[in-house]
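In case you want the letters, here they are:
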Amino acid sequence: MTELARKAADNLAALRKNKPLIHNITNFVVMNYTANALLAMGASPVMAHAINEVEDMVAFAGALVLNIGTLTDDWVAAMIKAGRKASALETPIILDPVGAGATPLRTASAKKIIDQTRISVIRGNASEILSLRDENAKTRGVDSIHSVDEAAETARLLARELNTTLAITGPVDLVTDGRRVVRVSNGHRLMGFVTGTGCTATVTIGAFLAVDSDALSAAATALAFFGLAGEIAGESAAAPGSFMIHLLDALYTIAPEKLAQNCKIQDNA
Amino acid sequence: MTELARKAADNLAALRKNKPLIHNITNFVVMNYTANALLAMGASPVMAHAINEVEDMVAFAGALVLNIGTLTDDWVAAMIKAGRKASALETPIILDPVGAGATPLRTASAKKIIDQTRISVIRGNASEILSLRDENAKTRGVDSIHSVDEAAETARLLARELNTTLAITGPVDLVTDGRRVVRVSNGHRLMGFVTGTGCTATVTIGAFLAVDSDALSAAATALAFFGLAGEIAGESAAAPGSFMIHLLDALYTIAPEKLAQNCKIQDNA
Amino acid sequence: MTELARKAADNLAALRKNKPLIHNITNFVVMNYTANALLAMGASPVMAHAINEVEDMVAFAGALVLNIGTLTDDWVAAMIKAGRKASALETPIILDPVGAGATPLRTASAKKIIDQTRISVIRGNASEILSLRDENAKTRGVDSIHSVDEAAETARLLARELNTTLAITGPVDLVTDGRRVVRVSNGHRLMGFVTGTGCTATVTIGAFLAVDSDALSAAATALAFFGLAGEIAGESAAAPGSFMIHLLDALYTIAPEKLAQNCKIQDNA
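Protein chains in written order, with the working numbering: chain A, 388 to 656; chain B, 388 to 656; chain C, 388 to 656.
So that you can see chain A by itself, here it is in the shape it has in the complex (with noise of 0.2 angstroms):
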């Protein structure tokens, strides 16, 4: 057994122990569907985003998500307000830059919440990974339009530029933290047929980061963990709405050995 595949079972033991409050600030669309993921899998969510409130909130989290799914500047000054708050207790914020590279209001908000907050991971496909750097990156609404496979060395390189962690995900998740390269093979194709399996890939990295210090680890362990789930829904479902049932379903029961014995985490590929 692999360290990651340990610490894997290792962080969702721990996080089922601890059931760390996870302040998510996020979109509309995946609000009750993320709070279920959450649950399932052993946290507890909050959502909170009135700017007089965020502050007050974060300071109970173990981990912040922020993701701008559908955002509105109002949400973004919250996020920021959060964010902030966030890094000067140092606890860890996950950034998911919903659409970035579609719109210049998206791409311009990640940006500015990365300026202006200490991320510990950036959670997208590669498109909006890609559009955090190249000004001329184009996606085309939330789809993905790279390949996990052209964004490897330039995650690493942009992990290093932004000082943070990057989860690119796709058919093979890539994980980087500018240095070591890790990339995640769990998941199931169902998953692009249900909305927001990104959002949550993103909470359950904020729910591992609750318990895992090392935002490398903790990003490639949780994408095995939600991979997996996604593995173990598909043998049950043949289509997205049964899917997205069990998928919630697997989160709460997959035991922490059973991770360790079927993650596809490949360290430094």
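It is possible that some hints are incorrect.
Any copy will do: because identical chains look the same in the list, a pair fits if it lies in one copy or spans two.
To be verified - Taking lysine to any residue pairs in the SDA-like style, the calculated list, with each CA pair at most 20 angstroms apart, reads:
1) K499 <-> I438
2) K645 <-> S623
3) K404 <-> A626
4) K645 <-> V568
5) K406 <-> R576
6) K498 <-> D443
7) K404 <-> N439
8) K406 <-> N649
It should be emphasised that the hints constitute simulated quantities derived from the structure, not laboratory data.
We have chain A already, so just place chains B and C on it with the hints.
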């Protein structure tokens, strides 16, 4: 069969017959689930929060549900406007002070709503309810830190002080109008792994208030009904995803007589 | 096989092949479900409502869905801005005037959107649609009080008056472009017990509009498809929770040929 068991069956039958419109100003996380729960049990939900609409909408409603789960100041203003109109019309109002005690904004907002409207029932966990009295109560996010037992006598006093009925939910629910105390022990442990089950208990009370003018019996019978739905869901589901779907199914399928026979309501315990 | 049955199959096949991006500015209650429905049927949903983003986002879209279910003035302003851009680009727009007729804000907002943009299809229940003409129509919350039959001739006239296609849904759906009248009788009674099935009918039409330039055939074939999905869901589910999940599954699994064979579209009835 006790009087309240009989009342439970009557309330459920009346709800399915009258299909009262329930106006909700609630949080983003649970809106979809609570709307589906209201439909499944036989009510007719509407969500409307625009400050220049809430008075018109609440005029049609059989009950008003106010829930501060993802509050901002403008939503609270709309809640108060709707609440004042409902108060003038003698339309019952139920308040869910989600996270009261956790942040100053939530505690202050809940108190403001209570001060400026005529609330029939407040439904929350023990910490939330106690925070409405004791400025020094501390809650951890939206989770409870006080037991129902601790809260019983305090609750009775607080119900008198606030001149309302309190429904404090937990492993055993406690309902008091400041005079009578009723305990409800229906429920299932998986309810704690689905987001918004507390909020759904609240809307169920809202629906029962629309057909039962006695706030204490409306709240107690609604909680028994919702808890029984949980028990039935728990018979066919072993994990939270499936459980939340079976819970909606149970709200639809439970017959009034089945409720009368299976509700666990202890009067003046 | 009728021409419209053939068209239904072709539209569904084209949808799955082209995966058009559907831009939604819609209500908080249904966002998750309609996004999942769009993904399941083969489209690519995006939700974006920021006034400083909607023009950029709609430029990528194959259709724009406007839904006033939880409207506020600023959301309506964003809808109009997006709608004007879509009109200029000749991108089809579908409007769901949720609750029009129930409150002055909703009726006025729906009319304002119709006046200021070029709407291809308006989908609503009979009350909502009729409220767009008759200031004195009264609806009760978001529920219908008029029958489809009452509405038929009025609808044809109103479609001409508004220069659009109307899709009036109920036990039997009526679609008219002011010239032809088509009735669709696919559907299942449990659809009335799931929140947002009307809104999901709307996004289905939106998706079909992205691949079919004839608004009447797009609307009629989309409603047949969505109704058939309900029928299939009703074969395996007897209560609303399970039903809504099976409905998503059916949107994914129905093959074009199965749709052609089972769609109940009556032309010029």
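We went through each hint and held it up to the structure:
no.: 1; hint: K499 <-> I438; in the structure: both (17 angstroms within a copy, 19 angstroms between copies)
no.: 2; hint: K645 <-> S623; in the structure: within (17 angstroms within a copy, 24 angstroms between copies)
no.: 3; hint: K404 <-> A626; in the structure: between (33 angstroms within a copy, 18 angstroms between copies)
no.: 4; hint: K645 <-> V568; in the structure: neither (24 angstroms within a copy, 47 angstroms between copies)
no.: 5; hint: K406 <-> R576; in the structure: between (29 angstroms within a copy, 16 angstroms between copies)
no.: 6; hint: K498 <-> D443; in the structure: between (24 angstroms within a copy, 18 angstroms between copies)
no.: 7; hint: K404 <-> N439; in the structure: neither (31 angstroms within a copy, 44 angstroms between copies)
no.: 8; hint: K406 <-> N649; in the structure: neither (23 angstroms within a copy, 33 angstroms between copies)
Violation of the numbered hints given earlier is confined to hints 4, 7 and 8; the remaining hints are satisfied by the structure.
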